[in-house]
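Peer 1: What follows is each chain in one-letter form.
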Amino acid sequence: MKIDLTVNGRAVAEEVEPRTLLVEFLREQLRLTGTHVGCDTSQCGACVVMIDGKSVKSCTMLAVMADGCDVTTIEGLASGAELHPMQQAFMDNHGLQCGFCTPGMVMSGLDIVNRHGNEPDDATVRRELSGNICRCTGYQNIVKAIRAGARAMGE
Amino acid sequence: MQENGIGASVRRKEDQRFLLGKGRYTDDINVEGQTYACFVRSPHAHAEIEGIDASAATAAPGVVAVLTGDDLAADGIGPLICGVTVTSDDGQPHRAPAHPALAQGKVNYVGDHVAIVIAESLTQARDAAELVEVNYRPLPAVASTADAANDGQQQIHEEAPNNICFNWPFGDKAANDEAFAGAHKVSSIDLVNNRMVTNPMEPRAALGEYNSGTEEITLHLTTQNPHVHRLVLAAFNQLAPEHKLRVVGPDVGGGFGAKIFIYAEELVVGWACRKVNRPVKWTADRTEAFLSDAHGRDHVTRAEMALDENGKFLAMRVITTANLGAYLSTFATMVPSYLYAFLFAGQYTTPLIYSEVKAVFTNTSPVDASRGAGRPEATYLLERLVDVCAADMGLDPAEIRRRNFIPKDAFPYQTPVVQCYDSGDYEAALDQAMELADYAGFDARAEEARGRGKLRGIGFSSYVEACGIAPSAAVGQLGGGVGLWESAQVRFNPTGNVQVFTGTHSHGQGHETTFAQLVCDQLGVPFENIEVIHGDTAKTQFGMGTYGSRSLAVGGVAIAKACDKLIAKGKKIAAHAMEAAEGDIEFAGGNYTVAGTDKAMNIAEVAFNAYVPHSYPEGVEPGFDENAFFDPMNFSFPAGTHICEVEVDPATGEVEIVDYTAVDDFGKLVNPMIVEGQVHGGIVHGIGQALLEGCHYDKDGQLVTASYMDYAMPRADNAPEFKIDYAPTDPPHNPLGVKGCGEAGAIGAPPAIINAIANAIGAKHVEMPATPETVWRACQSAN
Chain A
1 MKIDLTVNGR AVAEEVEPRT LLVEFLREQL RLTGTHVGCD TSQCGACVVM
51 IDGKSVKSCT MLAVMADGCD VTTIEGLASG AELHPMQQAF MDNHGLQCGF
101 CTPGMVMSGL DIVNRHGNEP DDATVRRELS GNICRCTGYQ NIVKAIRAGA
151 RAMGE
Chain B
156 MQENGIGASV RRKEDQRFLL GKGRYTDDIN VEGQTYACFV RSPHAHAEIE
206 GIDASAATAA PGVVAVLTGD DLAADGIGPL ICGVTVTSDD GQPHRAPAHP
256 ALAQGKVNYV GDHVAIVIAE SLTQARDAAE LVEVNYRPLP AVASTADAAN
306 DGQQQIHEEA PNNICFNWPF GDKAANDEAF AGAHKVSSID LVNNRMVTNP
356 MEPRAALGEY NSGTEEITLH LTTQNPHVHR LVLAAFNQLA PEHKLRVVGP
406 DVGGGFGAKI FIYAEELVVG WACRKVNRPV KWTADRTEAF LSDAHGRDHV
456 TRAEMALDEN GKFLAMRVIT TANLGAYLST FATMVPSYLY AFLFAGQYTT
506 PLIYSEVKAV FTNTSPVDAS RGAGRPEATY LLERLVDVCA ADMGLDPAEI
556 RRRNFIPKDA FPYQTPVVQC YDSGDYEAAL DQAMELADYA GFDARAEEAR
606 GRGKLRGIGF SSYVEACGIA PSAAVGQLGG GVGLWESAQV RFNPTGNVQV
656 FTGTHSHGQG HETTFAQLVC DQLGVPFENI EVIHGDTAKT QFGMGTYGSR
706 SLAVGGVAIA KACDKLIAKG KKIAAHAMEA AEGDIEFAGG NYTVAGTDKA
756 MNIAEVAFNA YVPHSYPEGV EPGFDENAFF DPMNFSFPAG THICEVEVDP
806 ATGEVEIVDY TAVDDFGKLV NPMIVEGQVH GGIVHGIGQA LLEGCHYDKD
856 GQLVTASYMD YAMPRADNAP EFKIDYAPTD PPHNPLGVKG CGEAGAIGAP
906 PAIINAIANA IGAKHVEMPA TPETVWRACQ SAN
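These protein sequences, in sequence, are chains A and B.
Okay, so the first sequence: first residue is 1 according to the working numbering, each after it adds one.
Okay, so the second sequence: first residue is 156 according to the working numbering, each after it adds one.
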């Protein structure tokens, strides 16, 4: 099937097998490998992308369902080497170790800002991260990073 | 100190690529002509294979090949090995049944590898894998650790009667028995150390490429130790000669032990890419990871302590059955033996310790090292037992620990269980932790919680661990097949920037930053001019990789030694250039100076002179590039006290960790930001074990917790904000004064949490994971 969509601001028209998941389409067909796959049951959140401004686990949706959508992946946030404030906050607060869950965490962080504004409290961020698993950081610095990123985005 | 040198919380060099989505993990790598692999795995825990019919699969669209154990055997590949020998009580080495990478006539656990299907696309490979017809004759399965060696139990391997891999007594039983007979009191506990699935977030993967022109195999792997992989695959598995095999561990998304081992899939992909003469890629899905990654822990233990009338520990006895799974993984035998029983002294002066470990085979996934590896199991039983002793003696849990601590002036301290501790001040860490946790105010907080219907409890864990693995001679004496030194190469380029090659491997630890800080500090080269390179056998010299919190304590010292050599060579070059005697040259802050003069030369200029030696000291080789190896005299022994405070809802059994304090001795900290991150992660790993994570097989050997829907990983709202501090001591045998910090949290946390829950509900013991159901039941019986 042919799909037309926007990915990171670029118009994309591709043929896909109907059973292709959006994450497979991004990783295998577009070679946008920043979006990761950490599980098969939509728990880990390593595959979170933004679709029309909302966070979506790209392993839970078929590529054909993204027809006509505006998709942003981790590769679409920075301007060149200049990090988006949320990315910068992860660096400044040591919110990542191995980096594998990080793209999903950053995307979920952006979604938290969209829905809770620039001053989400600690408990809100922790609750909102229930769909993102990290084995390295113990979460404390991810929570710190998202709160700092949220503040920076409001400035 | 340099601005970005030792002690500075420098932002990490590796973060930029990860944050931009430019990390390069194994599955991110795609090569021309690549095929995709899917493994056919056993659905049975224990069965004979009566036949495999691959004809339909082979004929399916896009299929390149279907290969089985017969093909592997015909090519003389494998079997997989276990690298550490433990001598059983009959004087014989541990029983080591053959571990074929693809089953040969029999499968021994659910997920065991039966065939590999290789196709043009992943979906074609998966579709075809379902067409492989395997005719199984199921056999009764052995799934229970405690019952595996019972009389009349189903035998798994002919070579291992009663399913016993080894029986390993350790210590002076007669003296121990005598101490117990004369004791004022004997405290005891029976406990299970719950089986865990290590679960790094990046699933394991392998990409094999064969170049028929050079006859070279390149394997990109999710590995913590590329050279160890290459060595074992070449020397023991006959995959290819070492010089014709390149192993690359690119960005690796967490390891925690699970990516140390040489796995069936890695060997089979390496072999298959040559066989089909096409690149072959395999990536585990999460259920495959649950089924086929080596698991951790899984002990059943009885522990007893003999005490005198003052609560001093006189003798300890530990009887453990340890589950090793269906086959021996790469380091399986070492974990419940040397990495376990040698830690039974903990922080205490217990003079007599006797233990017996029975290691058993079961029809479950192989069990091997997992964050802490043996040391969390030792610490858990000891620190739980100490709390039982405190209750039995009517002593405060802090007080009984204090009475038994090894005093700070007794270091180096020879324990009765082989290890000689390097340095420590256990009482200082305890005092600091009690202060930070406001132990004095606990009763008031508990009273306040009672008013809200909550049971509040506090728990201690004073742990010591052995890391910085470690001295080759000791490893050899213990039956290890390798040396455990580490290597480094520090290379100046002619333009003055520096490449540091390390034999360790970073998969989240931040070595690219920490090691650059070491070099920046020592050589005075700007931090941004230093690049750390690791993880590729074609780029770096031989090295042993990363596990056992060894990278800084062993690998960091190798780097420092290479820097020493550069500084020394540079003195000769600088002396010649500045027309001074070598003895008058001093080096500091990146500059060579002539003592008593204002003559100076930067190390970058010296490097240029070394590569363009037009005017050069006689007898000195050109180039500015040094190698060093470091083989430590001893392990390093981080230690500390963790204090956990919980609130239990007796109506639901729900446990909330409301406060958590960790005061650790890691020696000197190079990057405090990174160290703190390691501690956070370790503690949450420990929270996972204590409250959430239980790997469960049913009686038929089916893994019923094989996804994140069934196996509870810790999430952001399972942890409070931690209080972290340090009580450092100086380990005399480590030239950098560092210990290791990667595993401490996972070792310290579980007993602190369970001690807190037991304290809250007034129970002697609560098994892990302390789920609401478990805790609710414990509340009911405590009342």
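Honestly, the hints are just simulated from the structure, not real lab data.
Quick caveat: nothing in here was measured; it's all calculated off a predicted structure.
Beta carbons are placed, not taken as given, at the ideal position from N, Cα and C, and that holds for glycine.
It is possible that part of the hints are untrue.
To be verified - List time: in silico BS3-like cross-link candidates among lysine-lysine, alpha-carbon distance up to 25 angstroms:
| # | chain 1 | residue 1 | chain 2 | residue 2 |
| --- | --- | --- | --- | --- |
| 1 | B | K716 | B | K726 |
| 2 | B | K328 | B | K177 |
| 3 | B | K563 | B | K823 |
| 4 | B | K878 | B | K177 |
| 5 | B | K878 | A | K144 |
| 6 | A | K54 | B | K919 |
| 7 | A | K144 | B | K168 |
| 8 | A | K144 | B | K177 |
| 9 | B | K823 | B | K168 |
| 10 | B | K919 | B | K467 |
| 11 | B | K823 | B | K878 |
| 12 | B | K694 | B | K720 |
Unchecked claim - What the simulated footprint calls covered on chain A by chain B, stretch by stretch (three residues with Cβ under 8 angstroms from a Cβ of chain B suffice, anywhere in the stretch; the number is not a length):
| # | segment |
| --- | --- |
| 13 | 8-18 |
| 14 | 42-54 |
| 15 | 97-106 |
| 16 | 111-120 |
| 17 | 135-146 |
Said to hold, decoys possible - Chain A residues, not near chain B, derived (Cβ > 10 angstroms throughout):
| # | residue |
| --- | --- |
| 18 | K2 |
| 19 | I3 |
| 20 | D4 |
| 21 | L5 |
| 22 | T60 |
| 23 | L62 |
| 24 | V64 |
| 25 | G68 |
| 26 | D70 |
| 27 | I74 |
| 28 | E75 |
| 29 | D92 |
| 30 | G154 |
Peer 1: Against each hint, give a clear statement of whether it holds in the structure.
Peer 2: Here is how each hint holds up against the structure:
| no. | hint | in the structure |
| --- | --- | --- |
| 1 | K716(B) <-> K726(B) | holds (16 angstroms) |
| 2 | K328(B) <-> K177(B) | violated (57 angstroms) |
| 3 | K563(B) <-> K823(B) | holds (18 angstroms) |
| 4 | K878(B) <-> K177(B) | violated (33 angstroms) |
| 5 | K878(B) <-> K144(A) | holds (15 angstroms) |
| 6 | K54(A) <-> K919(B) | violated (49 angstroms) |
| 7 | K144(A) <-> K168(B) | holds (20 angstroms) |
| 8 | K144(A) <-> K177(B) | holds (23 angstroms) |
| 9 | K823(B) <-> K168(B) | holds (21 angstroms) |
| 10 | K919(B) <-> K467(B) | holds (20 angstroms) |
| 11 | K823(B) <-> K878(B) | holds (19 angstroms) |
| 12 | K694(B) <-> K720(B) | holds (21 angstroms) |
| 13 | 8-18 | violated (count 1) |
| 14 | 42-54 | holds (count 3) |
| 15 | 97-106 | holds (count 8) |
| 16 | 111-120 | violated (count 0) |
| 17 | 135-146 | holds (count 9) |
| 18 | K2 | holds (19 angstroms) |
| 19 | I3 | holds (18 angstroms) |
| 20 | D4 | holds (23 angstroms) |
| 21 | L5 | holds (18 angstroms) |
| 22 | T60 | holds (13 angstroms) |
| 23 | L62 | holds (13 angstroms) |
| 24 | V64 | holds (15 angstroms) |
| 25 | G68 | holds (24 angstroms) |
| 26 | D70 | holds (18 angstroms) |
| 27 | I74 | violated (4 angstroms) |
| 28 | E75 | violated (4 angstroms) |
| 29 | D92 | violated (7 angstroms) |
| 30 | G154 | holds (20 angstroms) |
Checked against the numbered hints given earlier, the structure breaks hints 2, 4, 6, 13, 16, 27, 28 and 29 and satisfies all the rest.
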